[in-house]
Amino acid sequence: MNDTWREQAPEPGPPRTFEFPDVRSATLRNGMRVVHARHGRMPVVSAHVVIDAGAAGEPADRGGLAQLAASALHAGTTQRDGSRLAWDLERLGVQLNTDVTWDAIEASITPPAAQLADALVVLADVVRNAAFPAGEVERLREEQLAEILQRMKEPRALANDVVGRCFYAPGVPYARALIGSTASVTAITAEDLRAFHRERFTPASCTLVLVGDIDMETATTLAERCFGDWSGAPAPTPEFDVAPLNDGPSVHIVDRIGAVQSELRIGHIGVRRSHPDYFPLIVMNTIFGGAFTSRLNMNLRETNGFTYGVRSAYTFRRGPGPFLVSTAVGTDVTVRAVEEVLKESDRLRTAGVTDEELANARDYLVGILPLQMQTTEQLAGALADLVTYGLSLDYYDHYRERIAAVTADDVRRVARAHLRPDEFAIIVVGDAASVRDGIQELQHGALHDVKPNGEAA
Amino acid sequence: MIRIPIERYRLDNGMEIVLSREDAAPVVALNIWYGVGSRNERAGRTGFAHLFEHMMFQGSKHVPEMGHFALIEKAGGSLNGSTWLDRTNYFETLPANYLELGLWLESDRLGWLLPAMTQEKLDNQRDVVKNERRWRVDNQPYGDWDERIQALMYPPDHPYHHSVIGSMEDLDAASLEDVEQFFRTYYAPNNAVLTLCGDFDPTQARELIAQYFGQLPRGPDIPPIPGRTRLEPVMGGEVRELVHQDVSLPRVYVTYRIPPFGGAEYYTALVTSYILGYGKAALLYRSLVREQQVAQDVVAYAFPIVVGASMLVTWATARPGRSAADVERAFTEQIERLRDVDDADVQRAVNLLATERLNELQRLDERADQLSMYTQLFDEPERINTEVDRIRAVTPQHVRDFAARYLGTDNRAVLTYVPREVGA
Chain B
0 MNDTWREQAP
10 EPGPPRTFEF
20 PDVRSATLRN
30 GMRVVHARHG
40 RMPVVSAHVV
50 IDAGAAGEPA
60 DRGGLAQLAA
70 SALHAGTTQR
80 DGSRLAWDLE
90 RLGVQLNTDV
100 TWDAIEASIT
110 PPAAQLADAL
120 VVLADVVRNA
130 AFPAGEVERL
140 REEQLAEILQ
150 RMKEPRALAN
160 DVVGRCFYAP
170 GVPYARALIG
180 STASVTAITA
190 EDLRAFHRER
200 FTPASCTLVL
210 VGDIDMETAT
220 TLAERCFGDW
230 SGAPAPTPEF
240 DVAPLNDGPS
250 VHIVDRIGAV
260 QSELRIGHIG
270 VRRSHPDYFP
280 LIVMNTIFGG
290 AFTSRLNMNL
300 RETNGFTYGV
310 RSAYTFRRGP
320 GPFLVSTAVG
330 TDVTVRAVEE
340 VLKESDRLRT
350 AGVTDEELAN
360 ARDYLVGILP
370 LQMQTTEQLA
380 GALADLVTYG
390 LSLDYYDHYR
400 ERIAAVTADD
410 VRRVARAHLR
420 PDEFAIIVVG
430 DAASVRDGIQ
440 ELQHGALHDV
450 KPNGEAA
Chain G
0 MIRIPIERYR
10 LDNGMEIVLS
20 REDAAPVVAL
30 NIWYGVGSRN
40 ERAGRTGFAH
50 LFEHMMFQGS
60 KHVPEMGHFA
70 LIEKAGGSLN
80 GSTWLDRTNY
90 FETLPANYLE
100 LGLWLESDRL
110 GWLLPAMTQE
120 KLDNQRDVVK
130 NERRWRVDNQ
140 PYGDWDERIQ
150 ALMYPPDHPY
160 HHSVIGSMED
170 LDAASLEDVE
180 QFFRTYYAPN
190 NAVLTLCGDF
200 DPTQARELIA
210 QYFGQLPRGP
220 DIPPIPGRTR
230 LEPVMGGEVR
240 ELVHQDVSLP
250 RVYVTYRIPP
260 FGGAEYYTAL
270 VTSYILGYGK
280 AALLYRSLVR
290 EQQVAQDVVA
300 YAFPIVVGAS
310 MLVTWATARP
320 GRSAADVERA
330 FTEQIERLRD
340 VDDADVQRAV
350 NLLATERLNE
360 LQRLDERADQ
370 LSMYTQLFDE
380 PERINTEVDR
390 IRAVTPQHVR
400 DFAARYLGTD
410 NRAVLTYVPR
420 EVGA
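Top to bottom, those sequences are chains B and G. Heads up, the first sequence is in numbering that gives the first Met the number 0, so the first residue is 0 and it goes up one at a time. Heads up, the second sequence is in numbering that gives the first Met the number 0, so the first residue is 0 and it goes up one at a time.
Simulated from the structure, these hints should not be mistaken for lab results. Owing to the predicted nature of the structure, the values given are computational and were not obtained by experimental measurement. From the three backbone atoms N, C-alpha and C, an ideal C-beta is built for every residue, glycine too. Errors might be hidden in some of the hints.
With a cut-off of at most 30 Å between alpha-carbon atoms, the simulated DSS-like pairs for lysine-lysine come out as follows [what the hints assert, rightly or not]:
1) G:K279 - B:K152
2) B:K450 - B:K152
3) B:K342 - G:K120
4) B:K450 - B:K342
DEER-style ranges, computed between Cβ atoms [to be verified]:
5) G:E240 - B:R23: 47 to 53 Å
6) G:Q180 - B:E355: 35 to 41 Å
7) G:E420 - B:D60: 30 to 36 Å
8) B:G257 - G:R239: 22 to 28 Å
9) B:K450 - G:T408: 42 to 48 Å
10) B:D80 - G:D341: 15 to 21 Å
Based on the provided sequences and hints, a complete structural model is requested.
Spelled out as structure tokens, the structure:
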């Protein structure tokens with residue numbers, strides 16, 4: 000059989016451009032914003048309330064408060080106790096999700112379109128009238144403390160929770176774990192949560208994002224009905240300075256005796272979401288460790304078989320979040336894997352990227368966008384991020400051209416500026432006895448033994 | 000109700016094709032289910048179906064090593080594969096104008112995988128998979144629960160007795176000859192379903208599918224699943240295992256034998272799992288977590304597997320200061336309450352399931368995977384549209400009868416993890 004025509008990959012057909020849905024917004028008289036986009040594949044609507052109440056604004060001695068506030072949104076309101084709240088939504092087939100980041104709390108539902116009006120009344124009750132009853136707060140605080148205990152035994156969570164302490168100077172909010180510490184969570188009271196809610200949950204600090212099988216007029220009418228008679232002053236945006244724990248290189252080991260793998264977190268403080276290098280950085284990171292075919296994954300997984308997978312990422316927040324290479328490698332190849340990460344970092348800084356790598360990364364980032372916006376939930380989440388980071392609502396209309404404008408020189412410049420292996424903190428969660436000597440031979444700065452998050456330092 | 004469109008036909012070589020068009024976005028999802036999973040593995044080769052799945056991404060005669068990932072990422076697509084008890088699937092979601100690329104890649108590895116296989120590639124992927132096992136199982140608290148539960152729930156000669164990831168020893172034993180034999184046995188058009196979902200021209204799609212897959216020869220008939228595949232409807236006893244592990248909190252897994260995925264009673268099991276464990280008004284959350292505060296979390300779900308019997312899986316993690324025995328006692332009490340479950344609890348679960356289906360079917364890759372699944376397992380892709388009717392048909396009386404028949408202590412495995420004493 001003649002199959003020579005198979006020898007080349009087929010050429011793509013003419014592209015049909017992805018049109019990002021029109022995004023519109025309105026502001027209610029009380030200052031609350033409504034953001035709307037139509038997304039008509041299924042008769043459902045995602046409703047996200049984005050609240051400017053992230054963990055960066057929690058009191059410094061109450062680490063974990065924002066997370067507890069988010070989970071205690073399930074604990075009931077002045078109108079409904081916790082059981083009734085869950086029942087009133089779930090009988091409609093709707094689940095309430097609450098989530099917290101350093102920059103926002105989100106409360107969201109995705110009901111069938113026919114149930115939206117009823118479900119939104121309950122969501123509004125949660126956001127406006129959360130009551131934080133003492134008994135339920137006590138229970139949820141104990142659960143959060145127990146989760147801290149569990150994360151001490153779970154290597155991925157353990158590694159993620161110590162990154163902040165190894166990167167940022169004490170006192171910087173990002174030095175804490177989002178979940179808090181045993182001491183800081185133990186100190187949180189129901190009154191702390193009520194005060195946080197009074198101050199930070201106000202109309203001008205909240206945006207309602209409605210995406211799905213709904214028009215703009217209905218969206219604003221519903222928003223007005225559920226939130227229009229709510230009043231309150233805007234909350235101040237938290238201000239803080241960010242400084243590193245160490246200026247130079249450092250190594251941090253969390254001992255897990257007998258661990259068969261080492262969880263590695265390698266990096267340093269990155270840049271804020273509003274940084275002008277955002278687009279060159281995401282292109283650079285795609286090539287470095289942001290895609291399956293990235294340099295790091297090809298090296299550590301496909302060439303060396305050290306790992307099931309490795310990723311790098313800049314975590315963009317209002318302030319400079321961490322840049323991190325994350326992977327889990329066999330205990331016996333831990334040091335070799337670290338060396339390869341350092342080597343690939345140097346190579347990117349000194350030699351830059353090829354034109355082909357650059358074109359592939361740009362095409363990947365542009366092409367993947369519609370795949371990441373398939374559901375009302377995905378689109379609402381993306382719009383919520385635009386709100387949190389103060390980006391314009393037509394952001395995605397210009398996304399393609401901004402990616403396309405990134406040049407090889409840009410990539411090399413941002414690699415030199417924002418990928419600095421001589422400042423890397425190398426965090427190893429693994430069997431210290433097996434890796435300590437080899438890591439020390441790398442001469443990558445002082446070695447620190449680190450206790451898990453829940454333990455006293 | 001929503002109706003997902005379905006066109007279905009079969010190639011002369013036995014390959015099943017399902018087309019489902021929807022042009023809301025210029026995106027197309029390809030999905031192939033092969034009727035082979037860990038259930039088909041022979042003794043001494045546990046984990047092989049999954050290791051083989053990794054080899055499918057190592058290039059084929061006309062596709063260079065890593066070409067599969069490189070070409071699809073360059074196109075702005077996403078891709079992966081996964082192996083489970085009953086099947087192995089491969090899928091990519093692409094900008095619509097790259098449909099032909101996806102067909103070329105999938106057909107090349109089905110037609111011409113073996114010329115590209117080398118010992119070096121096998122050894123590399125063996126290392127990757129061993130690290131996957133360490134990552135998922137060996138270096139993870141409670142990480143071996145499913146392996147232990149399968150061993151407790153299914154007799155040693157049943158194909159579900161062993162886990163998908165397999166043992167390190169068996170992974171070490173896998174050879175290139177195993178790769179060749181497995182490929183020739185199971186990777187044939189007559190053991191595959193190809194589904195396209197999304198934005199494509201149906202006439203052109205049929206032509207391209209004929210061009211890329213039509214010339215591949217039919218393979219030999221697929222051998223029967225090895226071992227004993229029939230099981231009694233209930234176990235007739237309770238099996239227990241106690242594990243001391245480096246965990247912070249005790250956790251109790253309780254699993255029941257239930258009828259296989261597909262029949263009416265399976266949907267009763269599915270609804271029951273939602274009554275028990277899905278959402279904060281669920282029976283177990285309400286009682287064990289909110290009221291009694293004996294558990295930190297609760298989970299319940301049904302396994303969609305088809306050989307002999309499936310499982311209703313539940314677990315609960317003890318709150319600090321509470322014992323595994325406390326959790327198990329409170330759990331068993333709630334299971335007994337199902338025998339006179341309220342109508343409202345059943346309606347809540349049915350409504351949640353119906354909403355969840357609307358949400359998940361927004362994704363083209365999910366639609367494609369389900370269409371492949373219903374075709375491969377039941378020869379009935381239309382189930383994607385009628386599944387919700389099966390869920391809505393479950394009545395409170397069904398749940399009560401189901402609980403009385405299947406959720407007794409004579410039909411379950413109890414796997415308990417407790418923290419290992421330091422220095423023990």
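### Distance restraint evaluation - B:G257, G:R239, Cβ atoms, bounds 22 to 28 Å
Between B:G257 and G:R239, where Cβ atoms are some 27 Å apart, the hint holds.
### Query
G:E420 and B:D60, beta-carbon distance inside 30 to 36 Å?
holds, 34 Å
### Task
Using the Cβ atoms, figure out if G:E240 sits within 47 to 53 Å of B:R23.
Violated, at about 58 Å.
### Message
So if I understand the rule, the pair passes when the alpha-carbon distance is 30 Å or less; does B:K450 with B:K342 pass?
### Response
holds, 29 Å
### Query
Taking the beta carbons of B:D80 and G:D341, is their distance inside 15 to 21 Å?
holds, 19 Å
### Query
Between B:K342 and G:K120, is the straight-line Cα distance small enough, at 30 Å or below?
holds, 24 Å
### Message
For the hint 42 to 48 Å, verify it against the beta carbon of B:K450 and that of G:T408.
### Response
holds, 43 Å
### Query
Holds or violated: G:K279 with B:K152, Cα cutoff 30 Å?
holds, 26 Å
### 35 to 41 Å as the expected CB spacing between B:E355 and G:Q180, which holds or is violated
holds, 38 Å
### Query
Do the alpha carbons of B:K450 and B:K152 lie within 30 Å of each other, as the hint requires?
holds, 12 Å
Of the numbered hints stated above, the single one contradicted by the structure is hint 5.
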